[in-house]
Amino acid sequence: MKRAFAATLVATTVLVSPVLAQDAKYEAASEINVMQGFKAGGGSDALAQLVQPYLARELGVNFVNQYIPGATGAIAWTRLAKQAPADGSTISITNTPMLQTNYIMNPSITYTIDEITPIANVVTDPGIAVVAADSPFQSFEDFVNAAKEKPSTVTVGNSGVGGDDYFTSLQFERQAGVQLQKVPFQGDGPSWTAAMGGKIDASFTNVGVTYPQIKEGNLRALAVFAEERLPELPDVPTAKELGYDLVAGSSRGYSGPGGLPDEARQQLIEGFQRVMENPDFQAAAKAQALNLDFVFGEDYRAMLKEQEGEFKELWSELQSEGQAQAQ
Amino acid sequence: MESFFWVGLTNVLDPMNLTAIAIGTIIGMFVGAMPGLSATMAIALLLPLTYSFKPETGLALLASLYLAAMYGGSIAAILLRTPGTPAAAATVMDGYPMAQKGKAGQALGLSLTASLIGGLLSSVILLTVAPLLGRVVLNFGPVEIFAVAVLGITIIGSLSQGSTILGLLSGAIGLLLATIGMDPTTGTPRFAFDNLELFGGIDFTVALIGLFSIPQAVRLVMKGNGKRDKGTVSRIADRMLPTGREFVKLLPNSIRSGFIGVFVGLIPGTGGDTASWFAYNEAKRFSRRKAEFGTGYPAGIVAPEAANNAVVGGALIPTIALGIPGSSSTAVLLGGLMVHGILPGPTLMSDYGDVTYTLLWAVLFANVALFLVGILFTRACVAVTKIPNRVVGPVIVVLSVIGAYAINNSVFDIGLMIAFGILGLVFDTFRIPTPPLVIGLILGPILDTTLQQSLLIGGGNWMVFLQNPISATLLAFALLSILQATPLFGSIVKAFRKKPPKGAEPAGGDMAGSRD
Chain C
1 MKRAFAATLV ATTVLVSPVL AQDAKYEAAS EINVMQGFKA GGGSDALAQL VQPYLARELG
61 VNFVNQYIPG ATGAIAWTRL AKQAPADGST ISITNTPMLQ TNYIMNPSIT YTIDEITPIA
121 NVVTDPGIAV VAADSPFQSF EDFVNAAKEK PSTVTVGNSG VGGDDYFTSL QFERQAGVQL
181 QKVPFQGDGP SWTAAMGGKI DASFTNVGVT YPQIKEGNLR ALAVFAEERL PELPDVPTAK
241 ELGYDLVAGS SRGYSGPGGL PDEARQQLIE GFQRVMENPD FQAAAKAQAL NLDFVFGEDY
301 RAMLKEQEGE FKELWSELQS EGQAQAQ
Chain F
1 MESFFWVGLT NVLDPMNLTA IAIGTIIGMF VGAMPGLSAT MAIALLLPLT YSFKPETGLA
61 LLASLYLAAM YGGSIAAILL RTPGTPAAAA TVMDGYPMAQ KGKAGQALGL SLTASLIGGL
121 LSSVILLTVA PLLGRVVLNF GPVEIFAVAV LGITIIGSLS QGSTILGLLS GAIGLLLATI
181 GMDPTTGTPR FAFDNLELFG GIDFTVALIG LFSIPQAVRL VMKGNGKRDK GTVSRIADRM
241 LPTGREFVKL LPNSIRSGFI GVFVGLIPGT GGDTASWFAY NEAKRFSRRK AEFGTGYPAG
301 IVAPEAANNA VVGGALIPTI ALGIPGSSST AVLLGGLMVH GILPGPTLMS DYGDVTYTLL
361 WAVLFANVAL FLVGILFTRA CVAVTKIPNR VVGPVIVVLS VIGAYAINNS VFDIGLMIAF
421 GILGLVFDTF RIPTPPLVIG LILGPILDTT LQQSLLIGGG NWMVFLQNPI SATLLAFALL
481 SILQATPLFG SIVKAFRKKP PKGAEPAGGD MAGSRD
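Line order of the protein sequences matches chains C and F.
When we follow full-length UniProt numbering, the leftmost residue of the first sequence carries the number 1, and every step to the right adds one.
When we follow full-length UniProt numbering, the leftmost residue of the second sequence carries the number 1, and every step to the right adds one.
Hints may contain errors.
Claimed, not checked - Chain F stretches covered by chain C per the calculated footprint, using a threshold of three residues with CB under 8 Å from any CB of chain C: (1) 41-47; (2) 316-326; (3) 337-350; (4) 403-417; (5) 446-456.
What the hints contain is simulated information worked out from the structure, not anything from laboratory work.
Keep in mind it's a predicted model, so treat the numbers as computed, not measured.
Just so you know, even glycine gets a beta-carbon here, dropped at the ideal spot from N, CA and C.
Just need the whole structure built from these sequences, with the hints factored in.
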């Protein structure tokens, strides 16, 4: 009997330990709602499941995930910007570039990043150009030359209009002075699968989702769109080395509503900083091949603003080109 | 490879894993039976709970859940005329009429048996030739998938026999409704009226719940409790499982439908919802008693149920052979692997062979568990037919509202569901068939996306569909299928064959024709 009681006690303690084990360090709320603009089980959810247990322990709060899929995240982010209580009880996972391209491309989406409070970016999956193992393109130069020789015939997949790969394609076209035949797919998976099956000539996609295929030799990586070569792909040149100023990828982090109290924001940032230094967390992220890329507070805001500027410019250029062609 | 095969079998026999399979089966059956709750949703929600398990135990739980939900969907389809999952929509066609005849137990027994055969078939394929079949997936790009979707659209023709014009109208409305939302290649919102909730298009499951459940609830309430003759109440003691003779008769149909399910599951982007209609259509094509389909004919239950369970194995083939998810549920399963540090990809069968083969064996065992749990669970479910109509009707509405909300946590979707319910009532009133609309809604987005992608790949040349051998063949089949649905074809066949049509089909044509 006594033993059973003790066991129950242990069980209870384990269950509530996220709240009791540490001094409560987050004062704004005991429970934080995390709005996700995508379905449960997607990339945003993977981030939430990875980060939030560690963050819960650091801050002494519980996290409650709210899945609000629709309009590539715009429903959740509109709610974050316009309706969510700015008291620290509600935050959202913010994914770039959709966070900005949503309203740049669609006038009926009305929130902007000025109406939210960026807290921290957590991961960035760098962009990469891949081709099938038996593709004639041995190098990025082969690919560029083919695109120059025959404009609008080299087919390049991307993860969808408004996604990072789509805008990378636009940026590349502008810098290399070429015209690609851009083929949007419903996400990264179908895009790189089509490249692997030789259905399209190449795919602009992300490292995290294709790395196992590259390692196994099913896909050949031509270039990565990162600042420096990646440690896991040391032989793949960066687009920068090859003379194209292309640094792109999809990032996921956390933001609060506009007017999130400074103390709450600061406490969250400190929580993220402690999570970042936790070796257990680092190991868990590595096991899932997530490329950690912590950017905090105002730096995160600056990162979002800079991207917004780039996307706006590219999009308006594309629009005016379209009009010029129509005339 | 060989050794992993046996390691997997030994692992799966671990009591922990067998327990996980049993629990997964029970949860899956429940989730499948509830309209609006889907296997994908349940897997995503249970995933965090499995973190503390061994990878193979967690995966066994989730995979058996996925499988059991496929059968669970047919319970509500047969008893309430409300498919619990989109994959069970085709089961309504014959399942509900059969239950109305007082043979609900038998209908569920057929569904359970067919699920077992389809599931076992696909598990065996999965265990033996998955690595070979995995490469097949790469042959299906936008051009080929477009052709598959076109072939699927021709099913409308055979589903609307008797009222071809109304059937085509219904299908066309379905395709039109499927164009709502952002254009997949330009991102331009279409028919969204600046409403963010419509940017992502109409959620197919929301539409399906409204189309089937609301008219059914209204019908039940209007019919009232009084006019219930004894024939419509199923006795729980009703014999569920088919006899040996019946089993042999339904075997060819189940196996053919199982292969259809594996194939459709294999193709990325298509799943149980498509496979069940394909299988239903083929069962009808091969049957001698076409006219009896839709009136509670056993083959009409066997085909979709064998196919949708076979989809599970089919969808897992590209998932484990190449790391390409074959369906949204397997995509979430892949997420489950990553949590345990197993990177989905071509190394799943080599580096992580022990876990992978345990998963494959678990799928096989889950089929058996499903059958056993199903017999017990289903007997209890048949009791639903004893509840008065005026109670069941409102309960269906409540479940539909909860289900519609749960899919995207969206109040808007409740309104959308009710709007589709009203559409369903209108269809009922004017005797317009609903199934073509459902097919239009399922295949519309696939047609839309792949057509645009194919034309981009082919540089705007429509010949791209005929130059490709796979798509050219599939399109030829589609043409044949259309011709077959026209009266013209019947007269051509008659001209060629002197015999009366009764003997025109091969002897094995009537797959589950026993009607006691």
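Okay, the hints, checked on the actual structure:
1. 41-47: holds (count 5)
2. 316-326: holds (count 4)
3. 337-350: holds (count 9)
4. 403-417: holds (count 3)
5. 446-456: The restraint on the segment 446-456 of chain F holds, since 3 of its residues have a Cβ under 8 Å from chain C and three suffice.
In the structure shown, no violation is registered for any of the earlier numbered hints.
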